[in-house]
Amino acid sequence: MKPISKVYTALIMLFLFAPIAILLVFSFNLAKSLSVFSHFSLYWYRELFRDSETLGAVRNTLVLAVSAALISTVMGTAAAVGINKLRSKYLRTMMDTVTNIPMINPDIITGISLMLMFVFVGRLFGAATSLNFATMLIAHVTFCLPYVILQVLPKLQQMDRSLPEAAMDLGCTPLRAFFKVEIPEILPGVITGLIMAFTLSLDDFVISYFTAGNGFQTLPIRIYNMTKKTVTPKMYALATIIFFVILALLLISNLSDSDSAETVKKAKRKKAKAKEAVST
Amino acid sequence: MKKFVSLFVLAALVCALLLSGCGSSKTLTLNVYNWGEYISDGAEDSFDTIREFEKWYEANYGQKLKVNYDTYASNEDMYSKISSGAVSYDVIIPSDYMIARMIAEDMLLPLDFDNIPNYQYIDEGFRGLYYDPDNQYTVPYTYGIVGIIYNANVVDEGDVGGWDLMWNSKYAGNILQFNNSRDAFATAQYKLGLDVNDSSKASWDAALAELKTQAPLVKSYVMDEIYNMMESGEAAVGAYYAGDYFIMLDAQADNIDLQFYYPEPTNYFVDAMCIPKSAQNKELAEIFINYMLSAEPAIANAEYIYYASPNSLVYEDADYADELGEEAMEILYPGIEDFSALYNEYAYRNLDAETLDYVNTLWEELKIS
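In order, the protein sequences belong to chains A and W. Counted from 1, the first sequence has number 179 at position 179 by the numbering used here; the numbering is strictly sequential. Counted from 1, the second sequence has number 9 at position 9 by the numbering used here; the numbering is strictly sequential.
Because the hints were derived from the structure by calculation, they are not lab data. Keep in mind that this is a model prediction, so the values were computed, not measured. Beta carbons: idealized from backbone N, C-alpha and C, even for Gly. Honestly, I wouldn't trust all of these hints.
Below are the BS3-like pairs computed for lysine-lysine, each with C-alpha atoms no more than 27 Å apart in a straight line [what the hints assert, rightly or not]:
| no. | chain 1 | residue 1 | chain 2 | residue 2 |
| --- | --- | --- | --- | --- |
| 1 | W | Lys-170 | W | Lys-201 |
| 2 | W | Lys-367 | A | Lys-229 |
| 3 | W | Lys-191 | W | Lys-212 |
| 4 | W | Lys-367 | A | Lys-228 |
| 5 | W | Lys-191 | A | Lys-228 |
| 6 | A | Lys-32 | W | Lys-219 |
| 7 | W | Lys-219 | A | Lys-228 |
| 8 | W | Lys-170 | W | Lys-219 |
| 9 | W | Lys-66 | W | Lys-212 |
| 10 | W | Lys-66 | A | Lys-228 |
| 11 | A | Lys-228 | W | Lys-277 |
| 12 | W | Lys-26 | A | Lys-229 |
Listed next, with one range per pair, are the computed distances between beta-carbon atoms [unchecked claim]:
| no. | chain 1 | residue 1 | chain 2 | residue 2 | range |
| --- | --- | --- | --- | --- | --- |
| 13 | A | Leu-30 | W | Asp-257 | 33 to 41 Å |
| 14 | A | Leu-250 | W | Ser-294 | 37 to 45 Å |
| 15 | A | Val-206 | W | Gly-173 | 30 to 38 Å |
| 16 | W | Gly-161 | A | Phe-120 | 54 to 62 Å |
| 17 | W | Gly-335 | A | Thr-199 | 49 to 57 Å |
Could you build the full structure based on these sequences and the hints that come with them?
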């Protein structure tokens, strides 16, 4: 069994990472081609940093992803708290289903329907153009929201309900109890939701494509539009940089996770020791 | 965890600053919508057309100008965006058949040529083309001719010439065909001497039969994948636009010798600058179009895109001819005496909906078999 499973793992790794490896290697190629590796060179990296349109698209993408992630995290957490507090079971199931719709809906339908709505509302107010940064942000928040709720809601359900009650018993106002007791309890879920929303917004193409307005194109749209001619190796360089940045972020977040996991373990050990001391 | 959140908030603040930085109040804006990679953008030390135009405008008119430059991947993408009414652009650069459709649907504004004096440099052969017979709506930007690219290390010199090369069974498994119904059918129609704009079913059926005899020889149906496949020698014969041949030539592998020729008859296209009805600032758009026709940007764009230019300031320029080289000049400008006659006969026109439907059914039939 063992060698087979090793080969299997190796194959999976190969298929997952070979495309990225090829991209990475050819981003350092001086020639424009994907078939000939002429010289090692940082030429395309230099070209990338002089291409103001592409850098503008990167900036747009990041601005959009960060703001969409923050807004949908705040809204999603609030929504999750609200759904969790619902008394009626039917109402809760209904809310759950409704928030899941944008997640199940194919992107293309979400994109087209949002575009139609923006155009309709824009015409209602007599605007010449109805798509802009704000509409794109609304669209991104729309499809990020359910993922945040999906992350936060289980954490709320796992939380011991008597904790905030105890805090209020001890004199906390409900608001204070929420921020001091509930938020720290559900924080891991909130952060996972934030990261998910950020990555979803970052790589969305279809919905962005339908809701992009004048002068605000994101990176995926820009790369797609290059396919009439060839995609230049500048884009390989950009993809390589993005890959390493994401890798670094992942490593950092994993490291800090394991740190906090260890401190939790230590705290538990201390508690156990204290209990022993009390019982003896 | 908390550090992570604060980092994220910090990033958001930085982004907000960046955004607010570009929104000053007293600047004019011009919205331009063009094909991707279809303008000299400063890459590889070229001329940065958009930034230079902003500078030029401020120097001449004393007002700050910001150009929003967006791109699209196909005429149809551009059309659906504009016709939805969700966006408004001041200048667009569609292809001929799409221009004809947009004029028919009353989506373009007639140009005021008093603001575009540089129109005088446009060659006579590019006036009165079918899509704009009275020269009211368009200023041509580039044009191109479909030719056949082949690897001379694989293909024998004797087999070269005409469309027959793409049907030559000697090169089975080495031939690339367009992955797009209109272009693929056209190769068969030109080969058989049929009219590419015919609305009779019989004509399209004949073309389909021809494509079916070709199908066993075809390595694959491709669009922009053709670059890599020709450069690396994966395939040896394929049809594409003349300008794109030079991009492949630049990147060909060591043991590949790419050559090019025009079969007859063949396809011609023109992409032209126009102003859509939803434009916010028509005069500014005309100033931009005029600027695009002036020598420096026009030459830079022609060198960057590698397509032929209908602008005499470009093709009569000695430095431009030097830069491209004699061979490239001969291919890009094959010395057509009366472009408009050839063009009006062989270029694609907008097909009626029924014919389009029929062509698509035939195309699916070909792809399934």
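We went through each hint and held it up to the structure:
1. W:Lys-170 x W:Lys-201: Violated. W:Lys-170 to W:Lys-201 sits at ~31 Å, over the 27 Å cutoff.
2. W:Lys-367 x A:Lys-229: At roughly 24 Å apart (the allowed maximum being 27 Å), A:Lys-229 and W:Lys-367 satisfy the hint.
3. W:Lys-191 x W:Lys-212: holds, 14 Å
4. W:Lys-367 x A:Lys-228: Holds - the C-alpha atoms of A:Lys-228 and W:Lys-367 are around 22 Å apart, at most 27 Å.
5. W:Lys-191 x A:Lys-228: holds, 26 Å
6. A:Lys-32 x W:Lys-219: holds, 24 Å
7. W:Lys-219 x A:Lys-228: Holds - the C-alpha atoms of A:Lys-228 and W:Lys-219 are around 21 Å apart, at most 27 Å.
8. W:Lys-170 x W:Lys-219: Holds, at about 13 Å.
9. W:Lys-66 x W:Lys-212: violated, 52 Å
10. W:Lys-66 x A:Lys-228: holds, 26 Å
11. A:Lys-228 x W:Lys-277: holds, 26 Å
12. W:Lys-26 x A:Lys-229: With a Cα-Cα distance of about 36 Å, the restraint between W:Lys-26 and A:Lys-229 is violated, given a limit of 27 Å.
13. A:Leu-30 x W:Asp-257: 33 to 41 Å: Violated - the Cβ-Cβ distance for A:Leu-30 and W:Asp-257, about 21 Å, lies outside 33 to 41 Å.
14. A:Leu-250 x W:Ser-294: 37 to 45 Å: Since the Cβ atoms of A:Leu-250 and W:Ser-294 sit about 50 Å apart, the hinted range of 37 to 45 Å is violated.
15. A:Val-206 x W:Gly-173: 30 to 38 Å: Cβ of A:Val-206 to Cβ of W:Gly-173: about 36 Å, so the range 30 to 38 Å holds.
16. W:Gly-161 x A:Phe-120: 54 to 62 Å: Given range 54 to 62 Å: holds, Cβ gap about 57 Å.
17. W:Gly-335 x A:Thr-199: 49 to 57 Å: holds, 55 Å
The earlier numbered hints that this structure contradicts are 1, 9, 12, 13, 14.
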